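Q: Residue-level listing of the chains:
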Amino acid sequence: MLDILKGPIQAIQEFYELAGRALRGIARKPHYVDDILLQMDSIGVGSVPIVLLTGFFTGAVMAMQMGRSLQQYGQTGRTGQFVSIILVRELGPVLAAVMVAGRNSSGIASELGSMKVTEQIDAMRALGTDPVQKLVTPRMIATAVMLPALTVIDDFVGMVGGWVMSVLLFGLPSRQYWTSTWQALVWNDVGQGLLKPFIFSFAVSLIGCFYGLRTTGGTQGVGRATTQAMVVASVSIFILDLFISKIFVSRTN
Amino acid sequence: MPENDNASVLRFEKVGVVFDDGTRALDQISFDVRHSETRILLGAAGSGKTVLLKTAMGLNRVTEGKVFLFNEDVTTMPEAQMFDVRSKIGMLFQESALFDSMTVAQNVAYPLLNQKAIQMPREKMEPAVRDSLRFVELEQTLERYPSELSGGMRRRVAIARAVVNKPPLLLYDSPTAGLDPITAHTIMALIIKERDVDKTTALVVTHRYQDGNLAANFRYNPDSGRLDPADGTGTKTVFMVLREGRLVFEGGQADLEASADPYISKFVKRPEKDAA
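In the order they appear, the protein sequences are chains U and C.
Under my numbering, the first sequence is numbered contiguously, ending at residue 719.
Under my numbering, the second sequence is numbered contiguously, ending at residue 626.
Don't take each hint at face value.
[To be verified] Simulated crosslink set (DSS-like; lysine-lysine; CA at most 25 Å straight-line):
#	chain 1	residue 1	chain 2	residue 2
1	C	K586	C	K616
2	C	K586	C	K364
3	C	K616	C	K549
4	C	K586	C	K474
5	C	K474	C	K364
6	C	K549	C	K438
7	C	K516	C	K438
8	C	K438	U	K600
9	C	K516	C	K616
10	U	K600	C	K466
11	U	K495	C	K438
12	C	K474	C	K416
13	C	K438	C	K586
14	U	K495	C	K474
15	C	K466	U	K495
No wet-lab data here; the hints were simulated from the structure.
Because the structure is a prediction, the values reported are computed rather than measured.
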């Protein structure tokens with residue numbers, strides 16, 4: 467029994483060790499600003515199309531379903547309110563994070579994994595750089611900055627999707643839709659809507675780096691690391707979401 | 351660089367390495383590499399050759415014993431301090447380990463830019479990189495990416511990267527593995543050239559006896575740019591044989607060839623078979 471638990475517990479310990487070293491890297495010299503900008507471009511700007519598409523269609527489908535249900539009570543006018551609350555509080559952060567996890571946790575794991583199996587990580591240490599400082603910290607910072615930004619885009623595009631559906635299907639006046647979307651939001655929603663992606667960003671980047679850096683077993687190992695990183699990062703996002711939501715729900719009550 | 355010709359450059363004292371999963375990679379390894387010596391480390395695949403090199407470089411954790419680099423105990427040295435020691439060592443990795451995302455020039459410049467112990471002004475870096483690439487005769491590849499180069503060329507670029515800051519100790523991990531005989535000869539010629547031009551100490555891991563034979567009996571001729579027979583003028587080459595993590599032989603070429611041990615003689619007899 468103890469032997470079965472030993473593996474996962476050791477992995478968790480190693481993960482926190484990596485997270486600690488990566489966080490320490492923020493304060494320690496040297497700072498690899500070029501790498502941070504490069505990662506911001508690849509993780510942030512590179513994820514914009516996927517976030518635009520998923521955001522728009524989620525918002526649209528949500529407005530469609532909500533509108534239909536609300537129609538029964540003659541409350542179609544409140545569609546915008548529901549769309550904006552659900553998007554900003556829950557779906558925006560989670561969807562953006564899961565999309566970025568699918569795209570970047572796996573990407574990071576495969577990149578670092580390939581570097582590990584071709585001894586590039588060892589070479590880095592041999593040539594005077596700390597791989598955590600050079601590879602993990604920039605990815606962590608870049609994701610922490612870009613994921614909240616992507617979430618804001620996702621939320622907005624989702625509302626646009628909802629607006630298109632409300633106008634086309636339910637003949638809602640645009641002004642009514644946007645007023646109810648805007649008025650539905652309070653600071654608490656915006657707060658959790660931005661805090662969530664910030665926290666998720668660490669799961670996305672660090673889990674990708676963690677699985678990448680512990681890759682063994684050649685190209686097959688890289689494939690395994692990529693899949694594991696994506697699965698674990700996505701699942702952690704949902705688990706973290708529940709806990710963060712609980713904290714915010716308790717605060718409002 | 352140690353002035354004294356007899357100074358110890360790399361010393362292992364009863365070193366053992368056991369991995370986290372319990373496998374023992376090295377067992378009771380002791381040897382002492384002196385200044386300007388060339389050590390040839392022979393051994394079958396999985397005998398611990400690469401682990402030994404990485405241990406020498408401080409990339410592996412040592413379980414037992416002590417490792418000394420330039421007479422300094424590095425066994426438990428923290429990573430930050432280790433970087434300074436590593437700046438005095440050049441290492442050629444088995445699969446070259448060039449950084450895919452960087453050009454050849456950026457790869458070769460990497461140690462100059464990143465090793466804190468090397469304080470080189472930026473304007474001197476480009477000439478140093480060019481010199482180093484000229485040394486391996488690949489000056490024309492400066493702006494190309496490693497993926498565009500052949501296996502032999504990649505290994506030559508990796509040698510250029512290892513020697514760019516003129517380290518006094520060089521570690522070569524299977525420099526000729528997976529290469530055709532002609533390219534393998536070119537690589538060995540470069541290793542010998544580096545030894546004779548810069549008087550460096552080297553530890554060469556290989557499973558080919560020919561490589562060791564070449565290092566022991568040939569010298570680089572700067573006039574012709576070729577290898578000439580050393581004619582018995584000692585090249586300070588010492589052979590070591592590793593078997594399942596244990597050092598089973600240490601000595602000169604004559605002793606190695608005279609050994610009756612079946613494992614050891616397997617390495618020595620191979621070239622004759624190849625020739626036949």
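Q: All hints, please: hold or fail.
A: Hint by hint, here is what the structure shows:
| no. | hint | result |
| --- | --- | --- |
| 1 | C/K586 to C/K616 | holds, 23 Å |
| 2 | C/K586 to C/K364 | holds, 24 Å |
| 3 | C/K616 to C/K549 | violated, 31 Å |
| 4 | C/K586 to C/K474 | violated, 34 Å |
| 5 | C/K474 to C/K364 | violated, 42 Å |
| 6 | C/K549 to C/K438 | holds, 14 Å |
| 7 | C/K516 to C/K438 | holds, 8 Å |
| 8 | C/K438 to U/K600 | holds, 21 Å |
| 9 | C/K516 to C/K616 | violated, 36 Å |
| 10 | U/K600 to C/K466 | holds, 14 Å |
| 11 | U/K495 to C/K438 | holds, 22 Å |
| 12 | C/K474 to C/K416 | violated, 37 Å |
| 13 | C/K438 to C/K586 | holds, 21 Å |
| 14 | U/K495 to C/K474 | holds, 24 Å |
| 15 | C/K466 to U/K495 | holds, 11 Å |
Of the numbered hints listed earlier, those contradicted by the structure are 3, 4, 5, 9, 12.
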